[in-house]
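Visitor: So the sequence lines, in the order shown, correspond to chains X and H.
Residue 123 in the working numbering sits at position 123 of the first sequence, and the numbers go up by one each step.
Residue 102 in the working numbering sits at position 102 of the second sequence, and the numbers go up by one each step.
Since the hints were derived computationally from the structure, they do not count as laboratory data.
Model, not experiment: these values are computed from the prediction.
Even for Gly, the Cβ is constructed at its ideal location relative to N, Cα and C.
Check before you lean on any hint, since a few could be wrong.
[As the list claims (entries may be wrong)] Under the rule of at most 30 Å between Cα atoms (straight-line distance), these lysine-lysine pairs were calculated in the DSS-like manner:
#, chain 1, residue 1, chain 2, residue 2
1, H, Lys190, X, Lys66
2, H, Lys181, H, Lys206
3, H, Lys158, X, Lys66
[Claimed, not checked] Pairwise CB distance ranges, derived in the manner of DEER restraints:
#, chain 1, residue 1, chain 2, residue 2, range
4, H, Lys228, X, Lys168, 56 to 64 Å
5, X, Thr101, H, Leu139, 53 to 61 Å
6, H, Asp131, X, Glu252, 34 to 42 Å
7, X, Gln85, H, His111, 31 to 39 Å
8, H, Ser104, X, Asp169, 45 to 53 Å
9, X, Thr49, H, Asp131, 29 to 37 Å
There are 2 protein chains.
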Amino acid sequence: MDISRSLLGCCLVLAFAAQISLARQLSVQAHANDLVWSHDHWFKLSFNTKAYCLGWMKNVEANNIKNWDLIPLNCYSTVKKYMEQGQYWVDLSVAGDAAWTYLSTFKADGHDAVMFDIDETLLSTLEYQRDISVYGTTLFNSTAFDSYVAQGISPAIKSSLALYNKLKDAGFKLVICTGRKEQLRAVTEKNLQAEGYTDYTELVLKTEEYNGLTAAVYKSMARAKLVKEKGYVFRTCVGDQFSDCAGDAKGEDTFKFPNPMYYIK
Amino acid sequence: MDISRSLLGCCLVLAFAAQISLARQLSVQAHANDLVWSHDHWFKLSFNTKAYCLGWMKNVEANNIKNWDLIPLNCYSTVKKYMEQGQYWVDLSVAGDAAWTYLSTFKADGHDAVMFDIDETLLSTLEYQRDISVYGTTLFNSTAFDSYVAQGISPAIKSSLALYNKLKDAGFKLVICTGRKEQLRAVTEKNLQAEGYTDYTELVLKTEEYNGLTAAVYKSMARAKLVKEKGYVFRTCVGDQFSDCAGDAKGEDTFKFPNPMYYIK
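Make the full structure from the sequences, and use the hints.
Guide: Spelled out as structure tokens, the structure:
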């Protein structure tokens with residue numbers, strides 16, 4: 001009696017184990033099929049607008065898609081949602097944290113410097129982008145942009161302000177270099193100060209000597225000049241455009257903040 | 001009677017227009033508030049795991065987050081979904097298209113070459129990543145990886161195969177350079193051929209002379225050697241790691257395919 005009960009128990013345990021094993025096997029098979037499905041049907045998904053637009057946005061940040069004038073027009077609502085529903089701020093915040101992770105390894109000795117771009121890096125022009133650029137679906141209008149800048153109402157990107165303050169406390173020299181025109185210096189300074197960006201050591205705006213040059217060339221020349229004339233040692237460069245941090249004296253590692261709305265050479 | 005009816009009609013039209021205008025104004029106000037909300041609450045969103053993980057993944061592709069060993073463990077389900085539910089293949093497809101957009105501007109003259117990495121670039125090891133690496137939540141195990149490679153079962157990434165074939169037709173030399181070991185040459189060749197990657201002119205695997213070097217140094221040296229000894233002119237380099245395409249002779253523009261599962265120096 002005891003033996004038969006033990007045998008029954010043993011059989012039940014074995015049956016249960018076999019059932020688990022079978023279920024696991026089936027689950028792995030189903031899982032493998034999912035992978036195959038996804039793979040064989042990538043082309044199907046590429047015709048799904050939202051999936052394509054998310055792919056487009058990711059490839060912009062990876063610097064695979066370059067020299068574009070407008071966002072793909074059918075991506076308007078995906079870009080708008082990205083900008084307005086919070087993921088944009090999260091991505092900026094993670095980017096800022098990554099820059100701090102890198103820079104916190106340096107012991108700033110008085111020469112160590114970081115270069116920051118302004119628009120979409122320290123300050124947000126999102127209101128302009130929404131109302132005038134319509135999230136990258138209309139061509140850049142420098143008159144309208146300058147009018148917007150002249151109002152001095154761009155809010156700080158809070159995660160960038162946090163990064164800026166940590167670098168200030170750590171003894172880095174903070175250099176700001178923007179594509180905004182020299183004529184907009186006073187309002188730009190006022191806007192930066194009002195938003196908490198104080199104690200920077202340089203604010204470089206685009207003077208006439210740089211007219212006709214790309215942002216990449218202008219910013220590279222500006223950094224090289226500061227290195228030569230003032231002894232700055234740039235440890236990194238932070239901008240929302242690849243052109244912010246190309247060329248000379250940009251540091252070993254640079255940081256690209258997200259921006260799916262416009263591309264500046 | 002006619003005049004009063006006309007006046008009534010006119011009033012109705014004006015009232016309707018005013019209503020539209022008011023609705024529009026309110027909608028713009030609501031819209032502006034949304035922006036402010038998103039902005040002031042970015043920190044709230046940064047505590048949302050999915051939003052953080054999407055931000056982490058995007059910042060990996062922007063080369064802001066470097067030198068990581070494991071994905072953030074709480075991002076496992078976000079990475080798994082990304083890999084399995086199709087967005088990964090779409091992002092790869094958009095990246096492949098971007099590479100073709102760039103390369104189609106060259107007129108290949110017999111020396112023009114493109115360097116491709118293998119794993120997660122031409123072939124997918126997704127089955128290994130799912131079952132053994134568990135999407136980047138376990139440390140790299142070279143024995144297990146070599147056993148997987150030795151099976152020769154990695155499927156082609158279809159969008160990469162399409163790019164590869166277009167480049168072949170356009171007269172580019174196709175050079176393949178992988179971190180896989182020289183001992184795995186036969187099975188790697190068989191796998192590549194079976195998946196449609198034919199007519200490449202070089203297949204460079206990691207020989208003992210490169211032991212102890214990072215992938216970035218090994219691949220840069222391999223390209224420089226091919227340029228010097230065989231006269232290749234690399235127009236671009238395509239890989240899923242930044243180390244695939246760093247250093248010498250990589251071409252003017254390189255392409256980074258998505259990979260949120262592992263990072264190779």
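Visitor: For the range 53 to 61 Å, tell me whether the beta carbons of Thr101(X) and Leu139(H) fit it or not.
Guide: Since Thr101(X) and Leu139(H) have Cβ atoms about 20 Å apart, the given range 53 to 61 Å is violated.
Visitor: Using the Cβ atoms, figure out if Lys228(H) sits within 56 to 64 Å of Lys168(X).
Guide: With a Cβ separation near 48 Å, Lys228(H) and Lys168(X) fall outside 56 to 64 Å, so the hint is violated.
Visitor: State, for the Cβ atoms of Gln85(X) and His111(H), whether the hinted interval 31 to 39 Å holds or is violated.
Guide: 49 Å, violated
Visitor: Take a look at whether the Cβ-Cβ distance between Thr49(X) and Asp131(H) falls inside 29 to 37 Å.
Guide: With Cβ atoms ~33 Å apart, the hint holds.
Visitor: Given the hint of 45 to 53 Å, is the C-beta distance from Ser104(H) to Asp169(X) inside that range or not?
Guide: Check passed, 50 Å falls within 45 to 53 Å.
Visitor: Does Lys158(H) pair with Lys66(X) here, judged by a C-alpha cut-off of 30 Å?
Guide: 23 Å, holds
Visitor: Does the Cβ distance between Asp131(H) and Glu252(X) fall inside 34 to 42 Å?
Guide: Once the Cβ atoms are compared, 37 Å apart, the range 34 to 42 Å for Glu252(X) and Asp131(H) holds.
Visitor: Between Lys190(H) and Lys66(X), does the CA-CA distance stay at or below 30 Å?
Guide: With a Cα-Cα distance of about 36 Å, the restraint between Lys190(H) and Lys66(X) is violated, given a limit of 30 Å.
Visitor: Is the hinted pair Lys181(H) and Lys206(H) satisfied, with a Cα-Cα distance of at most 30 Å?
Guide: 5 Å, holds
Going down the numbered hints, you'll see the structure goes against 1, 4, 5 and 7, while the others check out.
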